[in-house]
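Residue strings, one per chain:
Number of protein chains: 2
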Amino acid sequence: MNTEAPETTPEELDAVLRRAADAAPLYAALPAAERARALRAVADALDGAVDELVPVAMAEAHYPEARCRSELGRTTFQLRLFADVLEEGEYLEAMIDPADPDWGTPRPDVRRLLVPLGPVVVFGASNFPFAFSTAGGDSASALAAGCPVVVKAHPGHPELARRTADLVIAALADSEAPEGVFALVSGFEAGRRAVTHPLTRAVGFTGSIPGGRALYDLAVSRPEPIPFYGELGSVNPVFVTRAAMGARGEGILEGYAGSATMGSGQFCTKPGVVFVPEGAKLDALVDDLAARAAAPLLNDRVAEGFARGLDALAAHPATEVLVSGEETGQGRSPSLLRTDLDSLLEHSEDLLAECFGPATLVVTYPDERRLLEVGGVLRGQLTVTVHGEEDDPVAPALLALGASVAGRVVWNGWPTGVAVTHAMTHGGPYPATTAPSHTSVGSTAIRRFLRPVTYQSVPQPLLPPELRDGNPLAVPRRVNGGLPSE
Amino acid sequence: MNTEAPETTPEELDAVLRRAADAAPLYAALPAAERARALRAVADALDGAVDELVPVAMAEAHYPEARCRSELGRTTFQLRLFADVLEEGEYLEAMIDPADPDWGTPRPDVRRLLVPLGPVVVFGASNFPFAFSTAGGDSASALAAGCPVVVKAHPGHPELARRTADLVIAALADSEAPEGVFALVSGFEAGRRAVTHPLTRAVGFTGSIPGGRALYDLAVSRPEPIPFYGELGSVNPVFVTRAAMGARGEGILEGYAGSATMGSGQFCTKPGVVFVPEGAKLDALVDDLAARAAAPLLNDRVAEGFARGLDALAAHPATEVLVSGEETGQGRSPSLLRTDLDSLLEHSEDLLAECFGPATLVVTYPDERRLLEVGGVLRGQLTVTVHGEEDDPVAPALLALGASVAGRVVWNGWPTGVAVTHAMTHGGPYPATTAPSHTSVGSTAIRRFLRPVTYQSVPQPLLPPELRDGNPLAVPRRVNGGLPSE
Chain A
1 MNTEAPETTP EELDAVLRRA ADAAPLYAAL PAAERARALR AVADALDGAV DELVPVAMAE
61 AHYPEARCRS ELGRTTFQLR LFADVLEEGE YLEAMIDPAD PDWGTPRPDV RRLLVPLGPV
121 VVFGASNFPF AFSTAGGDSA SALAAGCPVV VKAHPGHPEL ARRTADLVIA ALADSEAPEG
181 VFALVSGFEA GRRAVTHPLT RAVGFTGSIP GGRALYDLAV SRPEPIPFYG ELGSVNPVFV
241 TRAAMGARGE GILEGYAGSA TMGSGQFCTK PGVVFVPEGA KLDALVDDLA ARAAAPLLND
301 RVAEGFARGL DALAAHPATE VLVSGEETGQ GRSPSLLRTD LDSLLEHSED LLAECFGPAT
361 LVVTYPDERR LLEVGGVLRG QLTVTVHGEE DDPVAPALLA LGASVAGRVV WNGWPTGVAV
421 THAMTHGGPY PATTAPSHTS VGSTAIRRFL RPVTYQSVPQ PLLPPELRDG NPLAVPRRVN
481 GGLPSE
Chain B
1 MNTEAPETTP EELDAVLRRA ADAAPLYAAL PAAERARALR AVADALDGAV DELVPVAMAE
61 AHYPEARCRS ELGRTTFQLR LFADVLEEGE YLEAMIDPAD PDWGTPRPDV RRLLVPLGPV
121 VVFGASNFPF AFSTAGGDSA SALAAGCPVV VKAHPGHPEL ARRTADLVIA ALADSEAPEG
181 VFALVSGFEA GRRAVTHPLT RAVGFTGSIP GGRALYDLAV SRPEPIPFYG ELGSVNPVFV
241 TRAAMGARGE GILEGYAGSA TMGSGQFCTK PGVVFVPEGA KLDALVDDLA ARAAAPLLND
301 RVAEGFARGL DALAAHPATE VLVSGEETGQ GRSPSLLRTD LDSLLEHSED LLAECFGPAT
361 LVVTYPDERR LLEVGGVLRG QLTVTVHGEE DDPVAPALLA LGASVAGRVV WNGWPTGVAV
421 THAMTHGGPY PATTAPSHTS VGSTAIRRFL RPVTYQSVPQ PLLPPELRDG NPLAVPRRVN
481 GGLPSE
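Line order of the protein sequences matches chains A and B.
Under the UniProt record's numbering, think of the first position of the first sequence as 1, with each following residue one higher.
Under the UniProt record's numbering, think of the first position of the second sequence as 1, with each following residue one higher.
Each hint can be trusted.
Have a look at the derived ranges for each label pair, beta carbon to beta carbon:
| no. | chain 1 | residue 1 | chain 2 | residue 2 | range |
| --- | --- | --- | --- | --- | --- |
| 1 | A | PRO366 | B | ALA99 | 33 to 41 Å |
| 2 | B | SER485 | A | PHE188 | 44 to 52 Å |
| 3 | B | ALA315 | A | GLU304 | 55 to 63 Å |
| 4 | B | GLY258 | A | PHE188 | 52 to 60 Å |
| 5 | A | GLY482 | B | ASP350 | 41 to 49 Å |
Keep in mind the hints are simulated off the structure, nothing from the lab.
From the three backbone atoms N, C-alpha and C, an ideal C-beta is built for every residue, glycine too.
Please model the entire structure based on the sequences and the hints provided.
Here you go:
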C-alpha cells in the first residue's frame with residue numbers, strides 16, 4: 001500500500017503554481033458565502049468517503065481504526081467551522097473611519113479589510129494524516145481565507161494524500177471554485193522548490209524542528225521573503241504541585257500515562273516531562289507503563305529518530321530508566337525515565353529535547369517554589385500544564401510561567417486533544433512555532449493567510465461591498481473604532 | 001549640534017536588555033489603564049518640551065519649524081490614541097468558549113487573550129525624527145502592548161533621540177512604570193547586537209531596503225528567530241486615467257508636484273512614479289518643479305544615496321530628463337524624468353527602484369487598459385494611487401491592481417500624509433515591509449507585539465481578570481464566537 005508517489009518535476013511544480021496564481025484573484029473574488037459552500041462540499045465529500053479513506057490511513061499511518069475515524073471527523077468539523085467563520089464575517093476585520101476634520105491629525109475617509117495573501121504551500125504532517133495534512137487545518141484556513149493551496153504530500157501517507165486531494169479537487173470543482181485552486185505535489189525537492197517559488201506567498205508546516213527550520217530558512221532567505229507558519233516541536237511540561245500529588249496523585253499519574261502514550265506518543269502536544277515532588281509514589285505509573293503493549297510508530301524515519309533520542313536520554317548520566325520500552329514486531333512499548341530538578345536545570349538542553357514517540361521523563365523536585373526556576377531553561381512551548389489545588393500558593397506563579405513560554409496553559413487536564421474552537425491557541429514562541437503571534441488550530445488560524453488593505457477616499461460604487469455605506473453584505477464592522485456591529 | 005552619541009558597548013547593551021527583560025513581567029502585569037496613563041504622561045512631557053525639542057529636530061534633520069511642530073503633534077496624538085486603545089480593551093481579543101459537550105469535538109472551557117511578546121528593539125528612522133523614531137509609532141505601540149522598548153538611536157538625530165528618551169524615561173518613572181522599561185542605545189554595532197541578543201523578542205524598523213534586509217536577515221537567522229517588523233521601501237505609483245487627465249489634469253499634476261516634493265521627497269510614501277496618457281501636457285508640471293527652491297536633505301548619507309540613484313536613472317537609455325535638479329548650498333532642487341510604458345515594463349527593475357529624495361518619474365502610456373500590465377512588474381508597495389472619474393471603465397481594475405500589491409489604495413488624493421486612525425494600513429508585501437499581515441501606523445499596529453495565550457479549564461480565581469466570569473474589567477469579549485461585547 002505504501003507506494004511512493006512519483007516526484008513532482010520542476011516543470012510540473014511551476015505549472016501547478018502558475019495555475020494557483022492564476023486562480024488566486026478569481027478565488028479571492030468569490031463571495032465568502034460561496035467559499036463557505038465550497039468548504040462544506042469538501043467536508044461532505046470526505047465524510048462520504050470515510051469507508052474508503054480510513055483503511056488507507058490505517059495502513060499508511062499504523063493507527064487503529066477508531067483514531068482514524070475520529071481524526072477524519074475532526075478534519076471535516078474543522079472545514080465546516082471555517083465555513084461558519086466565513087459566513088459570520090468578523091474575520092475580515094472590516095473597519096470604517098469616516099473623514100473627520102476634528103480628529104487631531106488629517107483624516108480622510110479610510111476603510112480597511114483583510115484580503116488573501118495568494119498561493120499557500122502546505123506541508124502535510126506525518127502524525128495527523130487527516131487533521132494536519134492534505135485537507136487539514138492549514139489547508140482549511142488558507143482556503144477559507146481565499147488563498148489557493150498547494151499541498152506537499154507527506155511521504156508517510158502518499159496514497160491517502162492522493163485520494164484525499166482527488167476528493168477535495170472534485171468537490172471544489174463542483175462548487176465552481178476556479179481550476180487550480182487546490183493541488184498536490186510530491187517529493188522532497190519539490191517541497192523545497194515550492195517554498196522558494198516566486199509565486200508562493202506563504203507556507204504552512206507541521207513537523208520536526210530540523211525539517212521546519214530548514215524550510216523556514218529557505219522562506220526567509222528568498223529575494224522576497226514570505227511568511228512561514230511552522231508548528232515544530234514542544235516538550236509540553238506538566239507541573240504537579242505537592243498538594244495535588246497528595247490529594248490525588250494516583251489519578252494524575254494515570255491520566256499522565258494515558259496522555260503521554262496516546263498515538264504512541266506521537267502528538268506535538270505529548271507531555272514529555274512531568275514534575276512531581278520528591279518522594280511521590282511512582283510504582284503505579286511504572287507498572288501502568290510497563291504493562292502497556294507495544295504499538296507501531298508512524299514510519300521508519302520516526303522510529304529511527306525516536307530510538308536515537310531515547311538512547312541519548314537513557315545514556316545521559318543524569319537520568320535513570322524506570323521503564324525500558326521494547327521494540328517488538330508490534331512496534332514500541334513506552335519508556336519512562338527519571339531525573340531530579342537540579343540535573344534538569346544543569347542539563348536542560350539535553351534533557352528537555354523533544355523525544356517524538358512513547359517516552360517521557362519524570363523530574364522530582366524538593367521544594368515546589370524551585371519549580372519557577374524551570375522558566376529560565378524552558379524554550380517556547382505549545383502547552384504548559386499545571387495540576388494543582390485552587391488554593392495552592394504556587395499555582396498562580398506556575399500559571400504565569402506557563403503563559404510566559406507557551407501558547408496554551410492547561411489546568412488539571414492534559415495537553416493532548418486540541419479543541420477545535422474559537423478561543424484555541426495551538427502555537428507559542430520558537431521552537432514551538434516560527435510565528436508566535438499566530439495559531440494553527442481554531443478559527444483565528446485564518447489570520448495567517450490574510451493581510452490588511454486600506455481604501456482611502458474611494459467612492460461608494462468602487463469600494464468592495466463589505467465596506468460600502470449601508471453594509472449590503474451585513475458584515476460586522478468597526479466604525480470610528482467602536483465595537484464591531486452589522 | 002550634530003554630536004555623534006558614544007557607541008553603546010556590548011556590556012552596556014547586555015545590561016540594558018537585562019533590565020528590559022526584568023521589567024517585562026512587571027510592566028506586562030500593569031493594568032491597561034495604568035499603561036494608558038503612562039503613555040499620556042509621555043505625550044504630555046513631549047508636548048511640554050516642544051520649544052526645546054523642535055529646534056534640535058530642525059538642526060539635526062534640516063526640516064523647517066512647521067514640519068517639526070506638526071510631526072511632534074502627530075507623535076503625541078499617536079501616543080494618546082494608543083492610550084485610548086488600551087482603555088477600550090478590544091486589542092486584547094479576549095474570547096471565551098465555555099465547555100460544550102455538544103460541540104462536535106471535545107471542548108473544555110477555553111479562554112484566550114493576547115499577551116505582550118517581551119523586550120522590543122526599535123530602530124529610529126532618519127526621515128521622521130519624532131513620529132517614527134524614539135517615541136514614534138513602533139515605540140508607542142510596543143509600550144501600549146506591554147513590552148519594554150530599547151530604541152537604537154538614528155545617527156542622523158542623536159541629540160534629539162537623547163533628549164526625547166530622557167523625557168520618556170522620566171515620564172514613565174513618574175507613572176510608576178518599572179525601571180528599565182525604556183532605554184536608548186547608540187551605534188551601528190550595538191544595533192546589530194540588539195537584534196541578535198537572546199533577550200530581544202521582536203524588532204521594529206523603519207528605513208531603507210538594504211539596511212532593513214540586513215537586520216531582518218540577522219533576526220531570522222538567530223538560533224531562536226524573532227518577528228522583525230520592517231517598513232522598508234516603496235515607489236508608490238500613481239495612475240492617472242485619460243478621463244481624469246482630460247477633466248482636471250492641471251490640478252492633478254500640481255497636487256502631484258506638491259506630494260512628491262514634500263519633505264524634499266524623503267517620505268516612504270512619496271509618489272515616485274506617475275502614469276499619464278501620451279500627449280498629456282507636462283509643461284506646467286515641468287515649470288512648477290523647475291521653479292521650486294533647493295531644500296536640504298536629511299544627512300550626507302541620504303544625499304549621496306539620492307545622487308547615486310538619480311544619476312543611474314538619468315543615465316538610463318530609456319529615460320529623458322525633464323527637470324534637472326541641482327545641488328546648491330541650500331540642498332537639492334527637484335528632478336523630473338520621463339519614460340514610456342513599454343520601456344518601464346522592459347526595464348522595471350532599474351526604473352522602479354526607490355529613489356529616496358526629490359526625484360520622480362513620469363511614464364506615458366498609449367492605452368489605459370495596458371496600465372494593468374504594470375501589475376506584473378510592481379513589487380510590494382505601501383500605497384497605490386488612482387486618479388480617475390467614477391465612471392472610468394478602467395478604474396475598478398486599477399483599484400484591484402492596487403489592492404493586490406499595496407497596503408493602501410488612494411483615490412483622487414495623495415499617498416503622503418498617513419492618517420493616524422483605526423482603519424489605517426501602513427504596510428504591504430515585501431519590500432514595502434517584511435511582515436505583510438501588519439501595519440506600523442494606526443491602532444492595529446499594537447498587534448505586532450502581542451501573541452495569543454489560551455487558558456484551558458483554569459478556575460475562576462486563577463484566571464486573568466480579563467477572562468473571568470462577570471467580566472470585572474469590562475473588556476470587550478467574544479463568547480462562543482459571537483461579536484465582542486462587554
